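Construct the complete structure from the given sequences, taking the supplied hints into account.
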Amino acid sequence: MRIVVDGNEEDFKRGSTVLALLRGRGEPTTHIVVELNGVFVHPEEYENTELKPGDRVEVVYPAFGG
Amino acid sequence: MSHHSGPDGGSRLGSADQFDRYARQTRLPEIRIEGQKRLSASSILIVGCGALGSNLANTLVRAGVGFLRIVDRDVLELNNLQRQVLFDESDVAAGLPKAEAAVQKLSRINAEATIDGVVADVTHRNIESLMEDVALVLDGTDNFETRYLVNDACVKNGIPWIYGGVIGTTGVTMNVLPGAGPCLRCIFPDSPPSGSVPTCGTAGIRNTAPAVLASIQATEALKLLCGAEPSATMLFVDLWSQSFRQVSVSRDADCVTCAKRSFDYLNAEETAWTTTLCGRNAVQITPARESELDLEYLTNSLQTLGEARCNGSVLRFSVENVEMLLFADGRALINGTDDEKLARSVYAKYVGS
Numbered sequence: 001m002r003i004v005v006d007g008n009e010e011d012f013k014r015g016s017t018v019l020a021l022l023r024g025r026g027e028p029t030t031h032i033v034v035e036l037n038g039v040f041v042h043p044e045e046y047e048n049t050e051l052k053p054g055d056r057v058e059v060v061y062p063a064f065g066g
Numbered sequence: 001m002s003h004h005s006g007p008d009g010g011s012r013l014g015s016a017d018q019f020d021r022y023a024r025q026t027r028l029p030e031i032r033i034e035g036q037k038r039l040s041a042s043s044i045l046i047v048g049c050g051a052l053g054s055n056l057a058n059t060l061v062r063a064g065v066g067f068l069r070i071v072d073r074d075v076l077e078l079n080n081l082q083r084q085v086l087f088d089e090s091d092v093a094a095g096l097p098k099a100e101a102a103v104q105k106l107s108r109i110n111a112e113a114t115i116d117g118v119v120a121d122v123t124h125r126n127i128e129s130l131m132e133d134v135a136l137v138l139d140g141t142d143n144f145e146t147r148y149l150v151n152d153a154c155v156k157n158g159i160p161w162i163y164g165g166v167i168g169t170t171g172v173t174m175n176v177l178p179g180a181g182p183c184l185r186c187i188f189p190d191s192p193p194s195g196s197v198p199t200c201g202t203a204g205i206r207n208t209a210p211a212v213l214a215s216i217q218a219t220e221a222l223k224l225l226c227g228a229e230p231s232a233t234m235l236f237v238d239l240w241s242q243s244f245r246q247v248s249v250s251r252d253a254d255c256v257t258c259a260k261r262s263f264d265y266l267n268a269e270e271t272a273w274t275t276t277l278c279g280r281n282a283v284q285i286t287p288a289r290e291s292e293l294d295l296e297y298l299t300n301s302l303q304t305l306g307e308a309r310c311n312g313s314v315l316r317f318s319v320e321n322v323e324m325l326l327f328a329d330g331r332a333l334i335n336g337t338d339d340e341k342l343a344r345s346v347y348a349k350y351v352g353s
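From first to last, the protein sequence lines stand for chains A and B.
The first sequence begins at 1 in the numbering used here and counts up by one.
The second sequence begins at 1 in the numbering used here and counts up by one.
Hint data in this document are derived by calculation from the structure and do not stem from the laboratory.
Here the structure is a predicted model, which is why all the values come from computation and not from measurement.
For every residue, glycine included, the Cβ atom is placed at its ideal position computed from N, Cα and C.
Keep in mind that the hints are not guaranteed to be accurate.
[Stated by the list, open to error] What the simulated footprint calls covered on chain A by chain B, stretch by stretch (three residues with Cβ under 8 Å from a Cβ of chain B suffice, anywhere in the stretch; the number is not a length):
(1) 22-33
(2) 39-53
(3) 57-65
Okay, structure coming up:
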């Protein structure tokens, strides 16, 4: 299925989850902020949130220095 | 160790009207005289006086916040001057702790403000007393441990705090309003593995990022202190690409801190510990119990063993290819090593266990 990740269309297996997407891209899976179709996804929900065709995923990396 | 400055009966500059210095600010409909009075009556705590903290203190003291407590564990280094706006070369040459230098500088900026500078590591032992009588806490820290501790203490006591973080050309900020929105652990439930998150020391930082991010934090602080509605989103800023992005974050119904009210960081056990300061080639030693060391006496003793000098606040001792900075409360920074065992050994040898 095709989903949009950070503005780019990509192919993913049907039934993929947010967690699988992050792991598949080699992304960190903690201390990030994920939005699915403009809605914030809590970290504990990454493995339970199944992606559907046409979904838009945005991953943002917060800063922790000061 | 605390350093104070307080109002000396009005501005040294002899203004007849108490709020003359804020004339450009009280014209704003969001502030007016009423808002300015609220600022003058406000008390805040800034945790950390680095890039974010020094910008926050500079802005909010100039804006007329009446009482500021600022706490920082560190001593000034030359590379701080690139982004830590309160300090200058003479402060670095004097080897001043940041919180002490901040009191001196801020009192010259606005003599009407009361500034309490605390040279200390923020720990579970002191965070709640540091927060006593303040209406708002601002994040000027550079590490997770302290942020989670501030989060615990603020959620437990119902005090709002404003998270801020910067790296490279990016920054992020979020208001934590206990009972009304997500806390930090709703968004980041677990502490990251050591070394997995870049620091300013390892990844670098442009001085524009803390200036912008701290201004946004300070704006939210002014809203909260003046009774205006604060932002409910998490804001991400990238100055290089000029992008500003708001994420509508939400509470986690199972959050260990704000839902279950389990304050793991606040309820830490009483043990001594060492902390490697990422990107700094330094180790911090914190004894299990605070002491009241006689630094002058210790300096005299150590001078027979190595190069030792004291400026009243900090004892500097160079020996065995490291430099130890020792504070009166017993805490030490061992510069020149990231080996915690070596650092503990130096401490035990020259200060005691």
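| request: Count residues of the region 57-65 of chain A with a Cβ under 8 Å from any Cβ of chain B, then say if the count reaches three. | output: Check passed, 6 qualifying residues.
| Are three or more residues of the region 39-53 of chain A within 8 Å, CB to CB, of chain B? | n = 5 at 8 Å, threshold three: holds.
| field | 8 Å C-beta test of the region 22-33 of chain A against chain B, three or more residues | value | Our answer is that it holds, as 4 residues pass the Cβ test (under 8 Å) against chain B, meeting three.
In this structure, every one of the numbered hints holds.
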